[in-house]
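Here the protein sequences come in this chain order: F and S. So the first sequence is numbered by my numbering: it starts at 1 and just counts up by one. So the second sequence is numbered by my numbering: it starts at 1001 and just counts up by one.
I should point out that these hints are in silico values taken from the structure, not numbers from a laboratory. Quick caveat: nothing in here was measured; it's all calculated off a predicted structure. Some clues are possibly wrong.
Stretches of chain S that chain F covers, calculated by requiring three or more beta carbons in the stretch to come under 8 Å of a beta carbon on chain F [as the list claims (entries may be wrong)]:
#, segment
1, 1006–1015
2, 1073–1081
Derived lysine to any residue pairs resembling SDA-like cross-links, with alpha carbons at most 20 Å apart [stated by the list, open to error]:
#, chain 1, residue 1, chain 2, residue 2
3, F, Lys112, S, Val1034
4, S, Lys1012, F, Trp130
5, F, Lys112, S, Ser1079
6, S, Lys1012, F, Arg49
7, F, Lys112, S, Leu1051
8, S, Lys1012, F, Asn80
9, F, Lys28, F, Ile75
10, F, Lys112, S, Ala1031
11, F, Lys28, F, Asp4
Every residue gets a Cβ at the ideal spot worked out from N, C-alpha and C, and that includes glycine.
Here is what each chain is made of, one letter per residue.
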Amino acid sequence: MIVDAPISVEDYAIDDAGHACGAVVTFKGVVRAENHGRAVTRICYDCYREMAENEMQQIIDEMLSTSRALAIRAIHRVGNLEPGDLALLVVAAAGHRNAAFDVAMRTADEIKRRVPIWKQEHYADSTAQWL
Amino acid sequence: MRVEVLFFAQFKDAFGSDAETMELQDGGTVADVVRVLRRRESWASVASIPLAFAVNERMVGRDHPLTNGDRVALLSPVSGG
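Okay, chain F solo, but in the shape it has when bound (with noise of 0.2 Å):
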């Protein structure tokens, strides 16, 4: 799910994936205040908001396809996040804390490899670039 609006963690949580769900992984994305040495201020997200909507629940689908996992949601926001807030949620169930561990950890990256969204990191000196 795309979202120009800050996230609420508390309303992604995972409390219905049923008695055999025996653990719940949330990962938070978070906006640093520095990259490679150069300190941010924030960061303009753009994304092609149909494809990106589209490809993040096929990545969702592969993942409850091939592992244990019970239940996943992911949530990216877009637009201009300062350091600090929450760029991207990616909340896995599982019956045990390996397979949500690894089931967040590949949600995650395959939405960074291939989810067509962009961000342009805005500089302390008012400088800008695309990522």
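Chain F is already provided as a structure; the job is to place chain S on it using the hints.
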């Protein structure tokens, strides 16, 4: 025919817009869209960026044939997260 060309990130900056309508000859392909854009001065700022393409939200190659009303997206390497 007319197609809608979608720009994101560096391409949005380069062309000063997130989309434009482009006239192409019937039988045109994605490569023809790129050919038109390359003639512009602003192409120089994005010429070195590796590109992928989507038509109507599906990834395609440069030789993909276009039809009237298609949405052609220029996609640079992604950097979300």
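Evaluation of the provided hints:
no.: 1; hint: 1006–1015; result: holds (count 6)
no.: 2; hint: 1073–1081; result: holds (count 7)
no.: 3; hint: Lys112(F) with Val1034(S); result: violated, 26 Å
no.: 4; hint: Lys1012(S) with Trp130(F); result: holds, 11 Å
no.: 5; hint: Lys112(F) with Ser1079(S); result: holds, 6 Å
no.: 6; hint: Lys1012(S) with Arg49(F); result: holds, 15 Å
no.: 7; hint: Lys112(F) with Leu1051(S); result: holds, 17 Å
no.: 8; hint: Lys1012(S) with Asn80(F); result: holds, 16 Å
no.: 9; hint: Lys28(F) with Ile75(F); result: holds, 10 Å
no.: 10; hint: Lys112(F) with Ala1031(S); result: violated, 27 Å
no.: 11; hint: Lys28(F) with Asp4(F); result: holds, 16 Å
Hints 3, 10, counting from the list given before, are not met by this structure.
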